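Chemist: Read top to bottom, the protein sequences are chains L and F. Numbered per the working numbering, the first sequence spans residues 1 to 259. Numbered per the working numbering, the second sequence spans residues 1001 to 1281.
By construction, these hints were calculated from the structure, which means they are not laboratory data. Small disclaimer: the values here were computed from a predicted structure and weren't measured. Errors might be hidden in some of the hints.
Stated by the list, open to error - Some, not all, of what chain L presents toward chain F, calculated at C-beta under 7 angstroms:
1) P63
2) T66
3) S71
4) E133
5) W135
6) G139
7) Y253
To be verified - In silico DMTMM-like cross-links for lysine to aspartate or glutamate, where the CA-CA straight-line distance does not exceed 20 angstroms:
8) K72/L to D1058/F
9) K244/L to D1117/F
10) K75/L to D1058/F
11) K1061/F to E115/L
12) K1061/F to E133/L
13) K1189/F to D1058/F
Glycine included, C-beta positions come from ideal geometry on N, C-alpha and C.
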Amino acid sequence: MAADQMFDRRRLLTRAAALIGAMPLAGCQDLSTNPTVLNVLGLAEPVTRRLQRLILSDDALAPEFTEADISKTFKPNGSTEPEDQEYQDLLGGQFKDWRLQITGLVERPLTLSLEDLRGLPSRTQITRHDCVEGWSCIGKWKGVPLARLLERASLKPQARYLVFYCADTLGESLDAAKYYESIGLQDAFHPQTLLAYEMNDAPLTVAHGAPLRLRVERQLGYKMAKYVMQIEAVESFATIGAGKGGYWEDRGYEWYAGI
Amino acid sequence: MTASAVDHGAGTLPAVYRHSLLVRLTHWINVLCLTLLLMSGLQIFNAHSALYWGEASDFAKPILAITARDKDGSHFGATEVLGHTFDTTGVLGLSGPPDNRQERAFPAWITLPGYQDLATGRRWHFFFAWMLVINGIVYLTSGFLRGHFWRDLLPSRKQFRHIGRSIVEHLRLRFPRGEEAKHYNVLQKLSYLIVVFVVLPLLIIAGLTMSPGIDAAFPWLTGVFGGRQSARTVHFLAAFTLVAFVAVHVLMVLISGLWNNMRSMITGYYTIKPAGDTHGG
Chain L
1 MAADQMFDRR
11 RLLTRAAALI
21 GAMPLAGCQD
31 LSTNPTVLNV
41 LGLAEPVTRR
51 LQRLILSDDA
61 LAPEFTEADI
71 SKTFKPNGST
81 EPEDQEYQDL
91 LGGQFKDWRL
101 QITGLVERPL
111 TLSLEDLRGL
121 PSRTQITRHD
131 CVEGWSCIGK
141 WKGVPLARLL
151 ERASLKPQAR
161 YLVFYCADTL
171 GESLDAAKYY
181 ESIGLQDAFH
191 PQTLLAYEMN
201 DAPLTVAHGA
211 PLRLRVERQL
221 GYKMAKYVMQ
231 IEAVESFATI
241 GAGKGGYWED
251 RGYEWYAGI
Chain F
1001 MTASAVDHGA
1011 GTLPAVYRHS
1021 LLVRLTHWIN
1031 VLCLTLLLMS
1041 GLQIFNAHSA
1051 LYWGEASDFA
1061 KPILAITARD
1071 KDGSHFGATE
1081 VLGHTFDTTG
1091 VLGLSGPPDN
1101 RQERAFPAWI
1111 TLPGYQDLAT
1121 GRRWHFFFAW
1131 MLVINGIVYL
1141 TSGFLRGHFW
1151 RDLLPSRKQF
1161 RHIGRSIVEH
1171 LRLRFPRGEE
1181 AKHYNVLQKL
1191 SYLIVVFVVL
1201 PLLIIAGLTM
1211 SPGIDAAFPW
1221 LTGVFGGRQS
1231 ARTVHFLAAF
1241 TLVAFVAVHV
1251 LMVLISGLWN
1261 NMRSMITGYY
1271 TIKPAGDTHG
1281 G
């Protein structure tokens, strides 16, 4: 190859490399904080949700496992030791004074003690818990299918979502807020959706959400609210928290956590 | 292919119409998607920087773990692969300027966003995953309908017979000329076929297997990989297989004629050097 051609090629290469190297890096960081860009990127969520709803029948079950598959170490997510005074008092009294409130768009609001819940027909399931971070643990859960409680409380026709209010405050200083979550009716009435009071044959530990946590097996871990105090049936969650339907949703995560 | 001529400075070299508009468009959309998917994927990986085999995570036995550790009073980036630990300070585990090291698996310059933000990483990832899938469907549909795969990507028997020679010539960095240069060579064809029909589908299916919703719809899917955590590992390995492919692909583009290759992927026209001149170009 002639020397001038070689030079040309080298110059072109250097320019191309510099251009390709500099372009996306600086640009994308700014784009990541641009609300319009985030909204456009967020359009993937309803597409994923609708497509999964289309292929997921109402009663398609999440895979269940055997006793041998249960993880030796089950990593807890979110709060592991709520410092909230109200919770500390309930814990001190071994949850004797704890009551679950079922309120909102229901015909018969309910107030249930832990004893009441334990007296109801239960379901036990060994399922895989998938954290949004990427890890999975397998655990055995026993609790009351949420559907049974909703039948007793009887939802009003306008009810579209169930909001779970929790006892724990998560996050630091200005960002701190009470944990809450919400699910749609399809998941609320799913046979594996439980209000669990036992994990691996023992009462729930504080780290795993004592005395009661939600299990929504076809979604990620952050949907499964721990330390549940109140369930409210609502038509819309736009006026609750920052309006996105949950603690993590208010901080940018998808409301539909099936992926 | 349409024969044409492209002015090549000194004289006119024969040119062939090598890439259809659809192939060119889907190629560059792919470049964009895969770049952003890799960068946002590494952001997601950083949220839990370890890989496992099986259904669940055995935290004590990762296949790969990238962390920051302390040893003999020094802080270092540790990459543990199958029980062997390597010091990867500066790139993996601990990176950034020496006076302001950050504890993170993959460094800021390769993740999207650069700072730790799983929620935004997931937004980028799922949006461009959909773009990749739509782009892939367009490419595959047209490729099958127009016979692109049979005509241009399936190696001929003759090419298979001479695969040994082709490997030797690649290693000597000598590339086909004349009549032979009008088509992809056998190594190109095989690597493109493997990327299109093996690596990318595997990458996408392993990614989908990580979705708890998809696992409820298709409970046998995790079994294909040996568990959800195995699928996550396969997703990661397939992504790096693709990175390796791109590295070789770009290298080949550079040394076999950057300008000619770039022009052919932008305008479609690829010039052919005469077969006689065998001295290095």
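Chemist: Evaluate each hint against the coordinates.
Modeler: Verification of the supplied hints:
1. P63: holds (5 angstroms)
2. T66: Violated, because the Cβ-Cβ distance from T66/L to chain F comes to roughly 11 angstroms (cut-off 7 angstroms).
3. S71: holds (5 angstroms)
4. E133: This hint holds: E133/L lies near chain F, its Cβ roughly 4 angstroms from the closest one there, short of 7 angstroms.
5. W135: At 4 angstroms from the nearest chain F Cβ, W135/L passes the 7 angstroms test, so the hint holds.
6. G139: With Cβ-Cβ at 9 angstroms, over 7 angstroms, it is violated.
7. Y253: holds (5 angstroms)
8. K72/L to D1058/F: holds (8 angstroms)
9. K244/L to D1117/F: Satisfied, since the Cα-Cα distance of roughly 18 angstroms is no more than 20 angstroms.
10. K75/L to D1058/F: holds (10 angstroms)
11. K1061/F to E115/L: Judged against 20 angstroms, a Cα distance of about 40 angstroms means the pair is violated.
12. K1061/F to E133/L: holds (18 angstroms)
13. K1189/F to D1058/F: violated (40 angstroms)
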